[in-house]
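J.: One letter stands for each residue in the lines below.
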Amino acid sequence: MATEIETVGTSSRDYADQELAEADLNNTTYPSAGTDVVHDLYNDSDFDDNVSYDFSATNVDSVTVKAADGEGHNGTAGTGVRNAGTNNSTIVNFEASAVNADDRITYGNGIEIDQTGQGASFVLNGDHNNNNRLVIVGLIIHSNGNNSSNCRGFSSRGVVRYKNCLGYDFLSGGSSAPAIIFESRSSSRVEEFFNCTADNATANSGSGDAYCFEHGDHANKRLSNCLAGIADGSSSGDHEAFEANTSSDIDYCLSDDATADGGNSLVNKPIENQVISVTVDSEDYRLKTGADAIDAGEDLSGSGVSDDAVGTSRPQGSAYDIGFFEFISAASVLRDHGVEWGARRGVLRGVG
Amino acid sequence: MASIAVFVGDLNPRDDHYYQDGDIISAYNKRRIENKHVSEICHPWNFGFNSDGNRPDTTLAKWVCDRTYRSRFERVSQHEVRKIDLVTGKEVGIFGHLRKNPAERTIYVQQYITLGKKILVNGEWLPFAGHKIFGPEGSEFWYGGKISPDRAKLDVLWPEIELVTGKMRADHQLYPHSEKEKKHFLILPVDEMSDSELMSLKAPELGNPVSSERLGKPDEYHVVKKRSKKIDRNSLDRMTQHTKNKITDRSIPMDFRVFDSWARADIVITK
Numbered sequence: 000m001a002t003e004i005e006t007v008g009t010s011s012r013d014y015a016d017q018e019l020a021e022a023d024l025n026n027t028t029y030p031s032a033g034t035d036v037v038h039d040l041y042n043d044s045d046f047d048d049n050v051s052y053d054f055s056a057t058n059v060d061s062v063t064v065k066a067a068d069g070e071g072h073n074g075t076a077g078t079g080v081r082n083a084g085t086n087n088s089t090i091v092n093f094e095a096s097a098v099n100a101d102d103r104i105t106y107g108n109g110i111e112i113d114q115t116g117q118g119a120s121f122v123l124n125g126d127h128n129n130n131n132r133l134v135i136v137g138l139i140i141h142s143n144g145n146n147s148s149n150c151r152g153f154s155s156r157g158v159v160r161y162k163n164c165l166g167y168d169f170l171s172g173g174s175s176a177p178a179i180i181f182e183s184r185s186s187s188r189v190e191e192f193f194n195c196t197a198d199n200a201t202a203n204s205g206s207g208d209a210y211c212f213e214h215g216d217h218a219n220k221r222l223s224n225c226l227a228g229i230a231d232g233s234s235s236g237d238h239e240a241f242e243a244n245t246s247s248d249i250d251y252c253l254s255d256d257a258t259a260d261g262g263n264s265l266v267n268k269p270i271e272n273q274v275i276s277v278t279v280d281s282e283d284y285r286l287k288t289g290a291d292a293i294d295a296g297e298d299l300s301g302s303g304v305s306d307d308a309v310g311t312s313r314p315q316g317s318a319y320d321i322g323f324f325e326f327i328s329a330a331s332v333l334r335d336h337g338v339e340w341g342a343r344r345g346v347l348r349g350v351g
Numbered sequence: 000m001a002s003i004a005v006f007v008g009d010l011n012p013r014d015d016h017y018y019q020d021g022d023i024i025s026a027y028n029k030r031r032i033e034n035k036h037v038s039e040i041c042h043p044w045n046f047g048f049n050s051d052g053n054r055p056d057t058t059l060a061k062w063v064c065d066r067t068y069r070s071r072f073e074r075v076s077q078h079e080v081r082k083i084d085l086v087t088g089k090e091v092g093i094f095g096h097l098r099k100n101p102a103e104r105t106i107y108v109q110q111y112i113t114l115g116k117k118i119l120v121n122g123e124w125l126p127f128a129g130h131k132i133f134g135p136e137g138s139e140f141w142y143g144g145k146i147s148p149d150r151a152k153l154d155v156l157w158p159e160i161e162l163v164t165g166k167m168r169a170d171h172q173l174y175p176h177s178e179k180e181k182k183h184f185l186i187l188p189v190d191e192m193s194d195s196e197l198m199s200l201k202a203p204e205l206g207n208p209v210s211s212e213r214l215g216k217p218d219e220y221h222v223v224k225k226r227s228k229k230i231d232r233n234s235l236d237r238m239t240q241h242t243k244n245k246i247t248d249r250s251i252p253m254d255f256r257v258f259d260s261w262a263r264a265d266i267v268i269t270k
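Listed in order, the protein sequences are those of chains A and B.
Under numbering that gives the first Met the number 0, the residue at position 37 of the first sequence is numbered 36, and the numbers go up by one with no gaps.
Under numbering that gives the first Met the number 0, the residue at position 58 of the second sequence is numbered 57, and the numbers go up by one with no gaps.
You can trust all of the hints, since none of them are fake.
Covered stretches of chain A, going by a simulated chain B footprint (3 or more residues, C-beta under 8 Å):
id, stretch
1, 185-198
2, 271-281
3, 310-322
Derived by calculation from the structure, the hints in this document are not laboratory data.
Don't be surprised by glycine CBs; every beta carbon is placed ideally from N, CA and C.
Go ahead and model the full structure; you've got the sequences and the hints to work with.
T.: If you want it as structure tokens, here you go:
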């Protein structure tokens with residue numbers, strides 16, 4: 000199976016606009032039938048695109064959209080490929096098709112969607128109502144809501160697997176609007192949430208709910224190794240890190256409140272004791288020394304999770320960590336590496 | 000110069016799940032175009048590092064960050080940081096994991112800075128050249144809460160950009176399409192548009208609302224057409240038949256921004 004790699008950045012790349020890169024998949028003659036297409040995004044400048052990927056995109060067998068090697072985030076905002084919201088609209092949408100093929104679209108790896116100042120009802124929207132499994136991996140979505148609108152981050156009505164994703168700072172404030180970071184809109188389709196982290200969902204209007212993980216409470220939902228922080232607000236609705244559960248398969252999770260279900264889950268563990276920073280605009284959700292989430296997860300290698308959001312293999316200790324980032328002791332940071340830069344970004348740019 | 004990027008396909012219409020010939024794939028107004036250029040010119044990665052391996056605090060990148068972010072954090076001690084609200088110009092407070100601020104959440108400053116400049120590669124912490132820490136060691140500072148500049152903000156930024164870099168605003172009025180984009184799509188200059196008009200041009204057509212599977216969830220709107228607006232490239236005026244024939248050749252750039260702009264009202268068709 001041939002792999003076609005397209006670069007996306009500014010004028011020096013194959014494409015400067017993600018929307019054009021996606022539309023080119025729709026051409027009848029290009030790429031060739033049966034191709035696996037990779038869109039490598041470069042951090043030449045901010046993106047401000049609204050992209051919609053269709054599972055039936057012409058001839059291609061698969062589409063992978065990720066940050067190019069060395070261009071992705073290091074687990075924190077503002078450090079790699081960034082899509083800046085500018086129009087209060089969905090940033091990434093995935094549409095339906097009649098073709099059944101799992102994992103045909105993989106999106107994320109090193110990409111950040113920054114919604115500061117914006118309020119999209121659905122930042123990432125899985126609008127596919129069929130049985131194609133969408134894979135969202137290594138994606139950061141944050142700062143959505145602007146206190147005036149519906150406010151959903153990772154939201155889908157189709158078959159989806161989220162792994163190593165991070166969502167935080169979702170604020171809704173109008174017309175009983177909810178603030179939901181990870182949301183299931185389907186009752187009939189399998190949705191999996193593996194090693195994801197969510198924090199600071201706030202609903203401030205009427206009966207609006209606030210959830211870090213609203214999983215749908217159904218037997219076809221599975222949550223494992225997920226870390227949930229604060230769900231709060233002045234609304235009269237539910238404020239829960241994990242939606243109340245009777246049927247979903249939830250275990251090996253951690254919550255700031257008492258809602259992480261499962262015999263191996265940890266509850267009432269403040270998120271500020273788990274991660275480096277939860278200060279607004281200076282967040283760093285990588286695990287800190289001594290976090291309860293370290294080595295508290297389960298082995299998910301059989302479910303396609305073998306590394307974390309920045310490519311560190313799991314486990315590093317005695318077991319998988321909970322959350323999107325696998326902890327490694329920071330003792331080695333004191334070593335002097337001179338001019339040996341991290342392989343994720345090997346080029347030292349000079350003065351422009 | 001505002002512009003649109005038009006899909007060039009065969010003229011036999013396909014299923015509405017596919018883009019069709021003439022569909023407006025994307026649109027670019029002055030704000031969007033200038034933001035793309037500003038973001039590239041002022042990217043912190045363009046300005047190198049100081050002797051401490053941090054971003055230099057005397058650069059255009061720092062000047063632009065001061066005007067496009069809502070918060071700046073300044074290290075004041077090993078474990079404490081001062082947060083500045085850049086919108087009001089006021090200090091929010093000084094805090095860390097030892098000294099708490101009731102209006103702010105916790106930050107472990109030492110770890111934030113140390114690990115902020117690192118990335119894990121194959122299980123080893125290595126210096127991370129994509130980090131966002133400015134200033135001298137011990138007095139580091141960084142920014143958070145980036146807000147994409149609106150037109151008024153761009154009016155503030157460009158004079159300084161011109162002064163420091165010599166790159167003139169007037170020379171950055173075209174969206175920086177790649178060569179491949181110019182060959183595969185039809186790039187047409189149009190009259191300037193607002194942000195809402197821009198979104199309308201590239202919007203899909205949605206069907207009637209359908210109840211969500213899950214009780215209490217919002218109605219679903221399915222895409223019935225990839226795009227709701229198109230142009231008829233064969234009826235565009237000011238083009239020769241020879242040119243119209245070349246448009247479908249994907250080896251030839253079709254960038255018409257050397258022409259005067261078309262009025263959107265004259266060429267945009269609602270499908």
